[in-house]
Every structure is written in structure tokens, then in C-alpha cells.
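Undergrad: Please build the complex by placing chains F, U and W on the supplied structure of chain L, with the hints as guidance.
Number of protein chains: 4
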Amino acid sequence: MPSRSFVLTLSCVNRPGIVAAFSSTLFRAECNITDAQQFDDTESGRFFARVMFDSNDPTATADVLRNGIEVALRPFEATWSIRDRSSRRRIMVFVSKLDHCLADILYRWRIGELEMDLAGVISNHPKQNYTNLSLDGIPFHYLPVSPDNRPAQEAQIELLLNTEKIDLVVLARYMQILSDGFSSRLLGRCINIHHSFLPGFKGAKPYHQAHERGVKLIGATAHYITSELDEGPIIEQDVERITHRDRPDDLVRKGRDIERRVLARALRYHLEDRVFLNGRTTVVFPG
Amino acid sequence: MPSRSFVLTLSCVNRPGIVAAFSSTLFRAECNITDAQQFDDTESGRFFARVMFDSNDPTATADVLRNGIEVALRPFEATWSIRDRSSRRRIMVFVSKLDHCLADILYRWRIGELEMDLAGVISNHPKQNYTNLSLDGIPFHYLPVSPDNRPAQEAQIELLLNTEKIDLVVLARYMQILSDGFSSRLLGRCINIHHSFLPGFKGAKPYHQAHERGVKLIGATAHYITSELDEGPIIEQDVERITHRDRPDDLVRKGRDIERRVLARALRYHLEDRVFLNGRTTVVFPG
Amino acid sequence: MPSRSFVLTLSCVNRPGIVAAFSSTLFRAECNITDAQQFDDTESGRFFARVMFDSNDPTATADVLRNGIEVALRPFEATWSIRDRSSRRRIMVFVSKLDHCLADILYRWRIGELEMDLAGVISNHPKQNYTNLSLDGIPFHYLPVSPDNRPAQEAQIELLLNTEKIDLVVLARYMQILSDGFSSRLLGRCINIHHSFLPGFKGAKPYHQAHERGVKLIGATAHYITSELDEGPIIEQDVERITHRDRPDDLVRKGRDIERRVLARALRYHLEDRVFLNGRTTVVFPG
Amino acid sequence: MPSRSFVLTLSCVNRPGIVAAFSSTLFRAECNITDAQQFDDTESGRFFARVMFDSNDPTATADVLRNGIEVALRPFEATWSIRDRSSRRRIMVFVSKLDHCLADILYRWRIGELEMDLAGVISNHPKQNYTNLSLDGIPFHYLPVSPDNRPAQEAQIELLLNTEKIDLVVLARYMQILSDGFSSRLLGRCINIHHSFLPGFKGAKPYHQAHERGVKLIGATAHYITSELDEGPIIEQDVERITHRDRPDDLVRKGRDIERRVLARALRYHLEDRVFLNGRTTVVFPG
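Chains as they are written, first to last, in the working numbering: chain L, 30 to 316; chain F, 30 to 316; chain U, 30 to 316; chain W, 30 to 316.
I should point out that these hints are in silico values taken from the structure, not numbers from a laboratory.
Ideal Cβ positions, reconstructed from N, Cα and C, are used throughout, including at glycine.
Any given hint could turn out to be false.
[Stated by the list, open to error] Derived contacts from chain F toward chain U, CB cut-off under 7 Å, selection only:
| # | residue |
| --- | --- |
| 1 | Arg-57 |
| 2 | Asp-278 |
| 3 | Val-312 |
[Claimed, not checked] With a straight-line cut-off of 35 Å between C-alpha atoms, the simulated DSBU-like cross-links for lysine-lysine are:
| # | chain 1 | residue 1 | chain 2 | residue 2 |
| --- | --- | --- | --- | --- |
| 4 | L | Lys-234 | U | Lys-194 |
| 5 | L | Lys-283 | W | Lys-234 |
| 6 | F | Lys-126 | U | Lys-231 |
| 7 | F | Lys-283 | W | Lys-283 |
| 8 | F | Lys-283 | U | Lys-283 |
| 9 | F | Lys-283 | U | Lys-231 |
| 10 | W | Lys-231 | L | Lys-126 |
| 11 | L | Lys-126 | U | Lys-283 |
| 12 | F | Lys-156 | W | Lys-283 |
| 13 | W | Lys-194 | F | Lys-283 |
| 14 | F | Lys-126 | W | Lys-126 |
| 15 | L | Lys-231 | W | Lys-231 |
| 16 | L | Lys-283 | W | Lys-283 |
| 17 | U | Lys-231 | F | Lys-231 |
| 18 | L | Lys-283 | F | Lys-126 |
| 19 | U | Lys-283 | L | Lys-194 |
| 20 | F | Lys-234 | U | Lys-126 |
| 21 | F | Lys-231 | W | Lys-283 |
| 22 | W | Lys-156 | L | Lys-231 |
| 23 | W | Lys-156 | F | Lys-126 |
| 24 | U | Lys-234 | F | Lys-231 |
| 25 | U | Lys-234 | L | Lys-156 |
| 26 | L | Lys-231 | W | Lys-283 |
| 27 | F | Lys-231 | U | Lys-283 |
| 28 | L | Lys-283 | U | Lys-194 |
| 29 | U | Lys-231 | L | Lys-283 |
| 30 | F | Lys-234 | W | Lys-283 |
| 31 | W | Lys-234 | F | Lys-283 |
| 32 | L | Lys-283 | W | Lys-156 |
| 33 | W | Lys-283 | F | Lys-126 |
| 34 | F | Lys-234 | U | Lys-283 |
| 35 | U | Lys-283 | L | Lys-156 |
| 36 | W | Lys-231 | F | Lys-283 |
| 37 | W | Lys-156 | F | Lys-156 |
| 38 | U | Lys-126 | F | Lys-231 |
Same shape as in the complex, but just chain L:
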């Protein structure tokens, strides 16, 4: 009987005894902790933990384990979850004209690097725009948007997310701004890639802004969206060196590489339950 793998994530106001509470419960349930990371934010007073554990008990479903943990964590008023690592989240990828991030996600998903179900792609451009990659077997939703139909298109999207039971939205260079209401409802469930090293160069055409300012490194930022544009909690960032020889076109080219790897990392961190919201920021347990 092979062992089964689970991940427990929790956050709460920091108080003595949390670790003892969940580790004793897991021990009594004959589970073995294989990896644990904890963080006590002395500023916010909050405690965060990610605990991976195995169980050899064939009856140990996530539901059964939840009952034990629920009792153990009740005194701490924690936000927590247990996920069977074999369960997969349903992802919807949004894209506009540029498809390098989509192409990268598709490839990683096809070779099994990303543990998720790809529920579909939503674009404000028709399918024939994407000749550089293969969308074979992936539901494609063409939902054009114009100044006139914006609220209606967004309602269509939200309906689709609900119908398809989407756990996470990935804005893979989707160049439309979501409404405040929609953004709020997606809090912690929608990752965007911004093509600059935030907080530098918010808004439109960041590579042109970077070129004009003469920075020596350009970057990209993956963050959860909030109703405030380009201000959501940052999950991952990276940069690359540029020189005076790089024109805006070169920055766009170099930027493609940064964007796709930053977004892919952020997505993987989320899928592996490594990311916690902590006010305006995130806690990301490495792995």
C-alpha cells in the first residue's frame, strides 16, 4: 500500500502551542511530517505554516484528517486547509495578443511540470491568432471586449469561471483591466504577470518607460490582483541586465523570457500551497 501525501497550510494570530497542537495530532493519526516550514511575522503578529506529511493509513482521507486538525486548531482560530496532493486545481488562463506566457504554461503543463487541470483558455482575440502554439484539446473561449460590452463580457467570464469550477485564474499577459468588483471577488485566486519590476513602471508600456529612464536591469512581477492596479501582493519577481544598446524592442524580447519564468514560478508556488497572503504582501515558502 503506497503512502498518501497531504499538505496542511495554516495561518493565525501567533500564540504558543500551535506547532505542538498540529504536530501531536498528526503524530497520533500516524502521519509522518516530511517537510515543514513556519514563519512568525513579528510585525503583523501572524503565524504561517506549511506542513507536508504522509500517511500509510488507507482510510486516511483528507476529510478524516480534517476532523482531527479541526479540533486541534479550534483554540487558535486559524485559517487552514488540508489538501490531498493527488487532487488537482482547475485553472483558467486568460490571454490577449502576446502568447509567450501561454505557450510556456501549455508546454510545462503538457510535460507534467505543473500539477493542475487546465480547464481552458479565455481570450479577447480569436483562436486563429494563436498559430505559434498548439491549442489542441484545450477549450478555447473567444470573448471579445469593447468599450460597449465590457460589463457584459466580464459577466460572461464570471459565469464561465463558476460553471467550470475554476480554482485559479492566470492572467498570462491579458491586457484588459478587470473591474474592481470582479477583482475583489478573485482575491487570492487570480495571478497576474506585470512586465516590469514593480513598483517601478506601473501601468502601460513599462518597457518603453524603462528604456526612457535608462535603468540597467529590467524585470517582471507576478502578483495577486486586487482592485488597485499593479498594487496587489507580489509573489515572485526577477530581473535581467540590459545595456544602452537595448532598444525598446530588445527589452520586449528580453522581457518575454523574464515574464514567462516569473509567472511559471508563481503559478507553481501557488499550486504547491507555498503562498500565503499577509496583508499587502505574501509569505512564500521556498521549495
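TA: Showing chains F, U and W alone in chain L's frame:
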């Protein structure tokens, strides 16, 4: 009454219940875990943990806490230690002609960045060699070495380390090879900086080797020494980009910056109890 | 009348007057130098230059310009070439089972990032192996290899390269070793990606070697092949940080990202005439 | 008779024939170009060049060579200079309370890494503040500043710079803002280190801003000062990865390492005539 801070480090064969054992003990001792990192090496079957905790109990010395932990961890046959974070290790820095790593360590220590007592400097060159930095107030031991006096010089060094109760030796570009016996006795207590990205360019003149091979990045490696030259467990490495324009002299210059920051990081990790030996490799908990 | 763009590359024994010779010739031919990089290797005594220039003269073909430069450079016994930047080289990509580098090259080529003609793909695995990417419209040559047919397979390959007038071979994780003779004939025309930071971890299974040695960074190396395995002149390298948590599988995953970007950079540098052989090393003019 | 080394820097509106003009002149003067880098900014229409050359003629002073170049470049209305590489610029370093950048510059200068004359140090703190480094033999000017004496103190500074014939001012964490007029008069002759990755986190307490925003990398920026705070042309930038575990104090510590290496690089680039102003940005020829 201000709280006191401790760090518990432990490693043992992985078995269920370790986390529950120490966390329950700490909870009962009214300690609060502020940071915990654990790692279960599925290959070697070993478990590693670093646990920082505070105690508000004024009678809670490291000795008292050790008694409780000793009982809790006895079944696991763990190697463990508890250190009061206000206690400081005694460090001896070894240096030869080049003093950039020594200068860097001295500066970091003087501004309070490195939590250690600098017990002294040992060199095979006389003190007047070091005009580029200030050795004011630091015991300096000039112990010249030649083919004839090598064993005698090493015996002198070992005696000095014992007399001075040295916890850690830092080879800050000390260009003499320690004997096998001495190296073995220093296992896990002697950090060397090698001026290449190991395992590339072992041995002498690594920058010249790198130049000849035409690599596009050069690096440095901080490792614990063993009796096998340049083969000890690696603690930290870093690299920098070079180009065809860089002659060996330029590599030496760029290398100085890499060496000093890699050695300083490794030293800090060791002083903060972040490094564990794991066979030929190390576990380093980030911070 | 739009201007036409050319690139002059030259290398020779360094002697005064080279720059004056070609720059005066280009000036008299009413060309405008838009970018020039030169390097004088004081060790080998060789001079290298890459000169981009525009001509507004509609009759100024590369052939016409060559005549002038030929006269100007004759005294210097230089190796040189002039390429009309609108001409494209013919590339053949070799691949084995792992297709992440091939997928990356295909995508970059399809979106116009790589200025080349993709003449085809050669694999020792059948086409149905590659379901994660689209090979639509690309000639695919399945040339299986076994201990028995190795010389015959290589002869087939060499014939194909000649028939297809291939300018550059890209070994995109092609896991077969080319014979000494074939390697020699491809000197400077065949780029390989090795999945380690050479000269560390030559040969097979470098990620496993890296894991066993406990390095803190892993890398990849793009180099021209020579008859000596993993010893050819290095074009580009890059690394990424790893930790004790990374098992060999994680290194393979992180390595894919490094490999594809290092190979893509090396390929672009070659296509843009930025790379010069200089003994065992290369000169790479940045851009 | 050893050869003498010179560096020619020039910038002008781009027109055909510039390279031919100076290279022919140098050739006729029996000089040998050892390194040349050129850049044609197609946006601003300006041309930049840095040319290193040797002369074996003992009578070939910079003055003599200037005469020839002056004639050759007159038609191009270029801004240019020729510097004998053995001549050294006079540098004044400004510092406030934090001395890590000063300590680094002093050490690099003492070991001969920076080709400059250190004319002195100006501080708004008394000399006894600097116990972590040795100021032996370096003129120290204590010029305290308060809201009342600001213009007077700046006048004192400016007088001192003139008296001491200072070529370059280095603001090594000098935490006073220079007046608009003074800043303008120092254009291109005053390098500041800002402790953030500009344009992010301008102004005061950038590490606290970075911590609050939750960025995943922090950086530093060396730039020429202008009358606009933190907006001057950027010479060099670098970053380092941080995590949620890093509190503002940790950012300050990690930042020290970034600041000192970014400032040291920018200073070296300036001293080696690698940096050109190009509107709001810089051209920096690598080396």
C-alpha cells in the same frame, strides 16, 4: 522582563513524532517557537531541524531547557544542541598575503553584523603586511611556515586554538594546506573560501584556469574543510559574469568581491546555526 | 529607398592600421558604421572586430562591398566576411527524447525572434515522441541509431547536412556523441547545450553529479563542439540557485529553464555574427 | 622604452566618416588601437566612442595627440577628450553616519584597484564617528550642517572642491540633499548611491518602503546627480533576492553589500572613461 532567545538544532534518523516531541516540550516549558525549519532527506533518511524560540521565564537558562529536551529527544538518538542566542562563538581567522576577506570580516564584525567574538588572526606573514586595514585591538599571531617547520607550525596553531577555546576557524584566503589529521579534527569547525566555482578549477590558480578554459562566469565556494582538498561539504557559492575582455588580473579583481561575500554569508549562516553536515553535503536553512 | 544593413566580421593578427583600413573603405563606399566592437587579445596577439553598417546605395550588394574590403584587408591576412543582414542561415536542430530546448527554439523562431531558416529537425526518436509541441511544416528526419549502425547513421546525417546546405547544427539535447571526424568537420558550425556549468560535471547525468556533490548553484553551458567531449569553446553559460531541498528531479526541472535560455542566447549570438573562435575560447560581442 | 597608453572618448551627432577620421589620424601618429567600442544611438542621433590606444613614441604626450585629433574631429563638432592613462583624477568622498561605502572605497583604493587620487573625505559628522575604518593619511573635513547653515556649508564645500581641484565627487551615503544650483554645477561630476532599485522607492527610507510593499528583490542604484532628486542618469544597478523572513534590518544589512559594490563599479567605470551622458540616460561601455 525581556524575553530570551534560543536556537535548537537537531538531526537524527527520520521517525514519526520528532516534531511533536520537541514542540510539546517547548510548549510545556512556556516557550514560544518564533521560527522553525525542518527538512527530511528522503535519500539519507535523516531529519534536520532548526527551531528558534523565546522564553519569558527568567530561570529558563539553556541548561534548564536542555534537560527537558534531552528527555524528549532520547528515543530519537538525535544529535542536538541548544544555544542561548546571546552567547557568542570564538573565531580565529587565518590569512596569508591577500587580505580582502580578512578586511571584510573585520569590518562586518566591527559594525556588529557578525555575532561572534574575534579571538585573533593567524598569519604566515608578518603583521606589517597588513597596511590596508586596521588590526587595532586584535591579537595577531605570526606563525611563518616553511617546508621544514610545517608540522611544528601546525602543532603551534592547534595548541593556540585549544588555549583560546576557538569554536570556529575561518580560512580567509589562507594559502597553506592543513594536514589530514588536523583537517579531520576540525571537521565542521573550519570554513575555507576557495576562489572558484567548485568542482570546477580545484587546486592552484583557479582564475588562470578559468581564463584559459574561457568560462563566461566565475565564482567562489565556501566549504567546510576535510582531509580531501577542495572536496569538503559546500556551504555557499556565488558567481559573476565575465567576458572575453577580462584578463586573469580582472578575474582576480572581480573574484575578490565574490569571495568576500560568499565567505561572509557562509560565516553568518554558521554563526546563526543554519548549517548542518549531511554526508558530503550540507543542509542550510535560509534566513 | 530604404537603407540596407550589413555586418562585417574579421579577425587577424593585431597590427596598427586595421581599423583605419576598413573604416576608410566603408566611408569611401558611402556606408555608415552604426555599431562597432573591437577586441585586441594581448595574449594571443589577435584582433577581432564586428562592424555593422548601412548603405543607401542600391547597387551596394555584399559582393560589391567585399571587393573593396578585400583590397583594404589584404595586407592584414585577415579572416573576414560580410553578410547582408537580410540573408538567413539554414539551421538543422538535432534532438533526442527531451524536447524542451527544441520547443523553445521552435517558438522563438515562429514569433520571429531568431533570424534563421529552420531547415529541419533530426532525431534518433520517431516523430510521435513529440506530442508536446507542434512540428507542423517542419521537415522531420527520423534517423535511429544503435551500436551497429552508428557510422552509417552519421554518414546519413552528414549527407543530409550537405544536401540541405546547412550552415549551423544545433544539438538541442541530442544525447548521441558525434564521431571525432564529424565533430572536426563541424568546427564552429555546431552548438551543443550541456546541462552543467562546465567544466564541472562533464559527461553523463550531470544533475545527479551536482546533487551528489552538494553544489548551491546549477548551470548550463552552450559551446561549439570539438572532438573532445564537453571541452569545446564556450559561448554562453548561466546558473540558478538551488537548495538542499532540491532532489535530482528538481534539478532536472530547474535545469530545463537554464538550458533553453542559454542555448537560445548562444544561437542568437551566432546568428547575429557576435561569436568568434579564439583558440579554446570565444570572443562574444554583446548586443 | 615602454609604450604609453591613452584613452580617447568622443560623442557627437552621428555622421559617416567619424571612425575613419580618428582611426586614420591615430594610425598616422603611429598609435595602435587596443580596444574600441562605439555606439550609435538611433533615437537621439548621437554617436559615442571610447578608444584605447598605445603609442611607442616617447614624444607623444596627450597634448601632441590632441592637436592631431582636434583637426580630424573638427568637422564633426564632437565633444571629446584624450587622457593619458597614467594621469589620475582627484576624488572627494562625501559621507554621513553610515560608512560601509566609504570603507569599501578606501580599501579598494589602498590596494590599487581604483585608479584615482583620494583628495579627502567630507562629512557632516565628526571624525571620531568613524572608528570602524582607518582614515590614516586622508584629509578629513568635518563640515556640520543644520537648517540654519545649509547655504554656508555648501559654499564651504564648493570652495574646498575648487581649491582641491576635485574632478569627481562621490556621495557615499551622504544623506544631505545638495541645492539645485550646486547639483547643476556638478553635472556629470558627482556620483550618488541610492539605496533602492530606482525608480522604485525614491526618497527617504527605501528599505522600509520595500519591506512594506513586499518586493522579492531589493537593489541599489548609482547615478549622476541632477537638480531633480533621485532622477539623475543611472550608471549602474544591482539587486539581491530577499524573502518574507527579511525584516527592515535585514534589508539594510543585505543592502550594504549591494550598495558598496554598485557604487564601486560605477566609480570604476567613471575613472576608466566608460560612462557618457546621453540625455536622461548613460552609455556605459563594458570592460
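Undergrad: Which of the listed hints are broken here?
TA: Structure breaks hints 1, 2, 4, 18, 20, 22, 25 and 32.
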